[in-house]
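Chains A and B supply the protein sequences, listed in that same order. Following my numbering, the residues of the first sequence are numbered contiguously, the last one being 395. Following my numbering, the residues of the second sequence are numbered contiguously, the last one being 1202.
Incorrect hints may have been included.
[As the list claims (entries may be wrong)] Quick list of simulated restraints, FRET-style, between CB atoms:
1. 308/A to 859/B: 27 to 37 Å
2. 1097/B to 373/A: 45 to 55 Å
3. 193/A to 981/B: 27 to 37 Å
4. 1190/B to 203/A: 37 to 47 Å
5. 984/B to 195/A: 33 to 43 Å
6. 224/A to 981/B: 36 to 46 Å
7. 140/A to 1097/B: 51 to 61 Å
8. 1030/B to 210/A: 49 to 59 Å
9. 984/B to 155/A: 51 to 61 Å
10. 312/A to 1062/B: 32 to 42 Å
11. 1073/B to 254/A: 18 to 28 Å
No lab work stands behind these hints, which were simulated from the structure alone. The C-beta atom is built at its ideal place from N, Cα and C for all residues, glycine as well.
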Amino acid sequence: MRRDAILSLQSLSLQIADKRLCSQLSLSLQAGTSLGILGRNGTGKTTLLHALVRLHKPHSGHIRLADKPLEQWSQRELACLAGILFQHNLDAMPISVGELVLMGRHPHHTSFWNDSTEDKEAASAALTAMGMNDFARRQLSTLSGGERQRVALAMLLCQNPRLYLLDEPSNHLDIAFQIRSLEIFQQKIRDNGAALCMATHDINLAARFCDTVLLLLGDGHSLYGQTEQVLTETNLAKAYDCEIRKVSDGSGRNYFFPA
Amino acid sequence: MCAACIDDDTVNQGFALRLLLALTVLAAVSFLVSLGSGSIDLAYSTVFQHLFSSEPGFEQQIIQELRLPRSLAAFVTGALLALAGVIMQVLLRNPLADPYILGISGGAAVAALAVILLGLGGAWIANAAFIGAMSSILIVFGLSHGFGFGFGTGTGVESGQWSTTRLLLTGVVLSAGWGALINILLTTSSNDNIHSMLFWLMGDLSQSSAGILEFLILAAGLLLSLYFARALNALAQGELLASALGIQVNRLKLLLYFSASLLTATAVTIAGSVGFVGLIIPHMLRLAGARDHRILLPSAALLGGSFLLLADSAARTVIAPRQLPVGVLTALIGVPVFLFILRRSQRINTSPGDRN
């Protein structure tokens, strides 16, 4: 496995209006690994993801993406490097599933007019991976919430960035697809030397798929480290203000439940 | 379904070609109808015969000197408005947006009516309308600058939805202000002027002509928007998404605002505020399946132009030898046609056959 840092944060502070979301945050994310961001509502999970693609301006500190500071990438280069799954699916104007997924290729286009065979193959592969093969011609507005989430995930796969930023990837998904889709992304980051960063409310998904976890405590402070070290009953109780029980099944996998 | 589920059919190149071809034919037919109709009906063979002939004569004079300039003006106005409508609807991501929603026609109307009130005519009205439209564009830009449009590095998109709302509100409120001024001008003017003022407000082509400049502006607007067609597709799905796909959203919005505004100002200068074209032509085409802006933009220009040509032909013939303002006809023809298409597309979209 290559040990290049795809993402590194140095003393990053974020705030919205006067609310400090995180202060002096430093961490780095290596190729082939994934980071889970957990915390209560309004602790800054989404804002942090947005800051990583310049959709939110940090209060202070530095973000490096691959080998350059974030602000030095052009908008298009940035979109080739980092792709984001938004929490809210967009359906402002009518569009078909196939057209939307193909749109994921936008930053890679060389011609401003034609879709290359490569683009179409990437879109097909992404739809197939998400089990949406038969939906290519369907209107997005006729899909269920979970199906739309799968389309959004397929679009991100099609974008094929080196850093995947997922905001609540399990939203609306049935339990089988929650696991299946993250397995696909896990496979993808291992094969391509990419990295993944996901904000989630599902402690179990984070425990299962993330190498490191950032637990936002809501007062600007946070806990960061290896998943097993951060996800303890004490830490989670502190973060969520709620008793949480950790259960082990003996095979080394841990499960978390409210007590 | 096929193994490669994204094929040529998904991007619909065949559909695009068929649609553009059909619309080109429609535009040609509309020109013929427009040149042939009026207070004196001319057969299409006569139109053909005299359109390009240099042999002077009565028919040749009617066609080349009276009808052709007006037909060209009708076509270019319709094309400009439909194109501006497509761009405005994407910029504001609002299906109700039309080229006039941000107050451009209001500004133009106040200036044009003021000039009519002063007893000036012809080129004065057109120039005043253009100056009025440009002032309105700059006022809206100035007021919404800083929230509607941010210069700089591309941050600031996070407040995108709100900014668009602010831009829309600024424009709509300014429009209302212009409306009040228009009413003052109407109520204080003499009866002689009222008639020409009303014709201007409803949109009228009887005094219009369009030259090479107007067609150049149309061509420039079309080429520029086509260059950004893919970016428009993304922007239509939201500013955050467009930004995440590598589009410099603020720069694009600025460009869209000014190009749509200039197209609209040009149209208003030619024919006054012809309503409805900029609102329904884009929707008709979207309902017909042209959602991709690479197809939608040129189609809108062709269909908008043809539509106004036909509406103007009707305006000249319905109560001939008197003429109606073309703006009345755009609504009279447009409303039932649009409602029919809307109803039909609803049936298609909800039929079970479409589910897969």
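Tested hints:
{"no.": "1", "hint": "308/A to 859/B: 27 to 37 Å", "result": "holds (33 Å)"}
{"no.": "2", "hint": "1097/B to 373/A: 45 to 55 Å", "result": "holds (48 Å)"}
{"no.": "3", "hint": "193/A to 981/B: 27 to 37 Å", "result": "holds (34 Å)"}
{"no.": "4", "hint": "1190/B to 203/A: 37 to 47 Å", "result": "violated (56 Å)"}
{"no.": "5", "hint": "984/B to 195/A: 33 to 43 Å", "result": "holds (35 Å)"}
{"no.": "6", "hint": "224/A to 981/B: 36 to 46 Å", "result": "holds (38 Å)"}
{"no.": "7", "hint": "140/A to 1097/B: 51 to 61 Å", "result": "violated (32 Å)"}
{"no.": "8", "hint": "1030/B to 210/A: 49 to 59 Å", "result": "holds (51 Å)"}
{"no.": "9", "hint": "984/B to 155/A: 51 to 61 Å", "result": "violated (37 Å)"}
{"no.": "10", "hint": "312/A to 1062/B: 32 to 42 Å", "result": "violated (58 Å)"}
{"no.": "11", "hint": "1073/B to 254/A: 18 to 28 Å", "result": "holds (22 Å)"}
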